[in-house]
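Engineer: Residue strings, one per chain:
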Amino acid sequence: MKIHEYQGKEVLRKYGVPTLQGGAADSPEAAVAAARAIGGSVWVVKSQVHAGGRGKGRFIGEVDDDALDIAAAGGDAPGKGGVRVVKTLDDVAAAARAMLGNRLVTKQTGREGAIVHKVFVEQGCQISREFYLAVLLDRSVGKVVVMASAEGGTEIEEVAAHRPEAILKEWGDPLTGLGAWQARKLAFGLGLTGKAVGNFVKLAQGLYRAALAADTAMLEVNPLILTADEQILPLDAKITFDDNALYRHPEYQTYADPNEVDPQELEAAKYDLSYVKLDGNIGCLVNGAGLAMATMDIIKFYGEEPANFLDVGGGADKEKVTAAFKIITADPAVKGILVNIFGGIMKCDVIAEGVIAAVRETGLSVPLVVRLEGTNVEMGKKIIGESGLKVIAADSMSDAAEKIVAAVRGV
Amino acid sequence: MAILVNKDTRLVVQGITGGAGSFHASQCKAYGTNVVAGVTPGKGGTFFEGTVPIFDTVDQAVRATGANASMIFVPPPFAADAIMEAAEAGVALLVPITEGIPVRDMLPVLPFLRARGVRMIGPNCPGIITPGQCKIGIMPGHIHKPGRIGVVSRSGTLTYEAVGQLTRIGLGQSTAIGIGGDPIIGTKHIDALQLFNDDPDTDAIIMIGEIGGSAEEEAAAWAGLHCKKPIVGFIAGATAPPGRRMGHAGAIISGGQGTAEAKYAAMTAAGIHIVRSPAEMGSKLAELIGHRV
Chain A
275 MKIHEYQGKE
285 VLRKYGVPTL
295 QGGAADSPEA
305 AVAAARAIGG
315 SVWVVKSQVH
325 AGGRGKGRFI
335 GEVDDDALDI
345 AAAGGDAPGK
355 GGVRVVKTLD
365 DVAAAARAML
375 GNRLVTKQTG
385 REGAIVHKVF
395 VEQGCQISRE
405 FYLAVLLDRS
415 VGKVVVMASA
425 EGGTEIEEVA
435 AHRPEAILKE
445 WGDPLTGLGA
455 WQARKLAFGL
465 GLTGKAVGNF
475 VKLAQGLYRA
485 ALAADTAMLE
495 VNPLILTADE
505 QILPLDAKIT
515 FDDNALYRHP
525 EYQTYADPNE
535 VDPQELEAAK
545 YDLSYVKLDG
555 NIGCLVNGAG
565 LAMATMDIIK
575 FYGEEPANFL
585 DVGGGADKEK
595 VTAAFKIITA
605 DPAVKGILVN
615 IFGGIMKCDV
625 IAEGVIAAVR
635 ETGLSVPLVV
645 RLEGTNVEMG
655 KKIIGESGLK
665 VIAADSMSDA
675 AEKIVAAVRG
685 V
Chain B
7 MAILVNKDTR
17 LVVQGITGGA
27 GSFHASQCKA
37 YGTNVVAGVT
47 PGKGGTFFEG
57 TVPIFDTVDQ
67 AVRATGANAS
77 MIFVPPPFAA
87 DAIMEAAEAG
97 VALLVPITEG
107 IPVRDMLPVL
117 PFLRARGVRM
127 IGPNCPGIIT
137 PGQCKIGIMP
147 GHIHKPGRIG
157 VVSRSGTLTY
167 EAVGQLTRIG
177 LGQSTAIGIG
187 GDPIIGTKHI
197 DALQLFNDDP
207 DTDAIIMIGE
217 IGGSAEEEAA
227 AWAGLHCKKP
237 IVGFIAGATA
247 PPGRRMGHAG
257 AIISGGQGTA
267 EAKYAAMTAA
277 GIHIVRSPAE
287 MGSKLAELIG
297 HRV
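These protein sequences, in sequence, are chains A and B. According to my numbering, the first sequence holds residues 275 to 685 in order. According to my numbering, the second sequence holds residues 7 to 299 in order.
Hints may be right or wrong, so weigh each one.
[Unchecked claim] A short, non-exhaustive set of chain A residues, derived as facing chain B with CB atoms under 7 Å: (1) Thr362; (2) Leu363; (3) Ala367; (4) Asp489; (5) Ala519; (6) Asn561; (7) Leu638; (8) Asn650.
[To be verified] Mimicking DSSO-like on lysine-lysine, the simulated pairs with C-alpha atoms at most 30 Å apart in a straight line are: (9) A:Lys621 to B:Lys35; (10) B:Lys13 to A:Lys656; (11) A:Lys592 to B:Lys290; (12) A:Lys459 to A:Lys469; (13) A:Lys354 to A:Lys592; (14) A:Lys655 to B:Lys290; (15) B:Lys290 to B:Lys234.
[Said to hold, decoys possible] Chain B residues, not near chain A, derived (Cβ > 12 Å throughout): (16) Lys13; (17) Thr23; (18) Asp65; (19) Gly138; (20) Gly176; (21) Ala210; (22) Ile214; (23) Pro236; (24) Ala244; (25) Thr245; (26) Ile258; (27) Gln263; (28) Ala275; (29) Ala285; (30) Arg298.
The set of hints was computed from the structure by calculation and includes no laboratory data. Bear in mind that the values here come from a model prediction, so they are computed numbers and not experimental data. Beta carbons: idealized from backbone N, C-alpha and C, even for Gly.
The shape of chain A in the complex, shown without the other chains (with noise of 0.2 Å):
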């Protein structure tokens, strides 16, 4: 689950660790009252979506139609961007009205952009250095790793590519923890010197820390900051929980924010399916997610794009594939759509009696495809072949993805 910024150092502050003064707002009268209650002449208004890159983001309607294909680019196009340094009241709320209700488009939202639904007001700064700094786990060693580097402000993904060796990084211990001998290799590997360096190793360690205790996937700090007083500070922070580890944070719960998410993909979890929409014509429903992927990988091979990623689980009933059938009906791009089923523990039968169940009730307009293997396939196919409906059965993955191919193109 991902989370805003505001929410962010919420949590950071909670660990103790440091951030600036800040307050989200939902209107421009609430954003300046947040500026009041910070005080100071200088403040900080940043737009709360989970996309990344807002800084360089244009507004719809605010900017043309070339600044916002820029933007989308992820480059640097002319007018505001969805993060903004002003120095008066006025201006706070004038940044929060532009920002509130409107549509951001950055590097991650695409074209049609994000709307804000809330503004983070926070105390302006004197930056003199940005880094980045990451905190995640590194799968290949089993253990949390701390990444940094001296280039803050640029994605990660771009420091990797071009110069790796730019990426300090050193594990946590599963016993012991981050030591603050590592988190020195790590400021002394950033150049900083005097005061900085034991403010940064505090930092370091409490981020790992917060990291831990509160169950992050992912808790990454772009840009983290030298103040001119040398104060280390996270300027941005973006978390990502771990889905399973959430029933222990019931108060993480309340982050969740449904304008961020796609409505079916919601509707799914509500029936506990595991659903992602993509941008293609076919839809798919299949237990287990490896051959969920798999079957997306063999509808692209045969020349059609899938329109979700679709897992019914291992325990998936008649009312759950009920609804993942609505699910994947509910959206206008499906052309057809393709059930693939290897049946485990999951019996056959009792699939093709939820498809049948399916279609009666939600009705069927778009050709419909059935693969059936593993675990009672044989009851499973004859109930399909004696329901009367118009579904065509396949009898291999080939031999389903072929299918479903030509009855879309309508051959």
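For this one, chain A is given, so just place chain B on it according to the hints.
Structural biologist: Showing chain B alone in chain A's frame:
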């Protein structure tokens, strides 16, 4: 022979009285697996299906029955603890089926197992089967057939797909392992390849990977240098978009890492025979070893 499990394997089932645990303990028993004990804290002294003794702790079960493998069906919040209990009790092979264990819980588990010389398959896996001898897991036994092909995969049903294709064309399996879809797992592709390479009863291998992480690349690099047996490779998720988790906790392309293309490239460079269509895993392997369909 095959690898890791055979007719001499003595299985304890942790969580044997739960819904999934009892169902699959029964299925494994019916397949012929030597299920010698069950563990459910508080149910010690009772019996499963009238014959399998249930114990309160794994330690008791091991002492009384000599169990040397454990199938674990304990719910996610308690699973890491159950894994360590079995390791400390001296069980040599652990197969946690449980899906959804928090990563933080698994972090100390790996060094804990390593210190005790214990092998783990999974978690979040379908398990391991040596056809005709021993099935530890949730896979449908009847699709398998004893033979000389090793199968290793991160997924459940996609493993069944590969096995089904092999069986259909008359190629049996020495052992099939589903290593699990989580980011932290006990046995990786590279470990399975090493075991199959050393197994005199395995002639060729199907290796199935998926997007996320770099385990397939590491396995391919090893295979290119050391594996004497032909390998067919498939990677699931060539069409998956970056940054989206595809069902499995570990199936995500992040920071440009873990793409199917990178894995295919590493496999090709290592001399692994890749297939782009998952329907061709079996037929490609048959072609490689000169098996006539």
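Engineer: Was Gln263 (chain B) rightly flagged as not at the interface, with every chain A Cβ beyond 12 Å?
Structural biologist: violated, 8 Å
Engineer: Evaluate the condition: distance from the CB of Ile214 (chain B) to the nearest CB of chain A exceeds 12 Å.
Structural biologist: Check fails; 7 Å does not lie beyond 12 Å.
Engineer: Between Lys354 (chain A) and Lys592 (chain A), does the CA-CA distance stay at or below 30 Å?
Structural biologist: violated, 52 Å
Engineer: Min Cβ distance, Asn561 (chain A) to chain B: is it shorter than 7 Å?
Structural biologist: Holds: closest Cβ of chain B sits about 6 Å from Asn561 (chain A), inside 7 Å.
Engineer: Does Lys469 (chain A) lie within 30 Å of Lys459 (chain A) when you go C-alpha to C-alpha?
Structural biologist: holds, 15 Å
Engineer: At 12 Å, judged by beta carbons, does Thr245 (chain B) keep clear of chain A as stated?
Structural biologist: Thr245 (chain B) is in fact no farther than 12 Å from some Cβ atom of chain A, at 4 Å.
Engineer: Do the numbers back the hint for Asp489 (chain A), that is, is its least Cβ distance to chain B under 7 Å?
Structural biologist: Interface hint status for Asp489 (chain A): holds (5 Å vs cutoff 7 Å).
Engineer: Against chain A, does Thr23 (chain B) hold up as non-interface, every C-beta pair farther apart than 12 Å?
Structural biologist: Nearest chain A Cβ is 18 Å from Thr23 (chain B), so the label holds.
Engineer: Given Leu638 (chain A) as an interface hint, is the shortest Cβ-Cβ distance to chain B below 7 Å?
Structural biologist: With a minimum Cβ separation of about 25 Å from chain B (threshold 7 Å), the hint on Leu638 (chain A) is violated.
Engineer: Does Ala519 (chain A) pass the interface hint, meaning its C-beta sits closer than 7 Å to a C-beta of chain B?
Structural biologist: holds, 4 Å
Engineer: Do the alpha carbons of Lys621 (chain A) and Lys35 (chain B) lie within 30 Å of each other, as the hint requires?
Structural biologist: OK: Lys621 (chain A) and Lys35 (chain B) at ~19 Å, within 30 Å.
Engineer: Does the structure keep Lys290 (chain B) and Lys234 (chain B) at a Cα separation of 30 Å or less?
Structural biologist: Holds, because 18 Å separates the two Cα atoms, which is no more than 30 Å.
Checked against the numbered hints above, the structure violates hints 1, 2, 3, 7, 8, 10, 11, 13, 22, 24, 25, 26, 27, 29; every other hint is satisfied.
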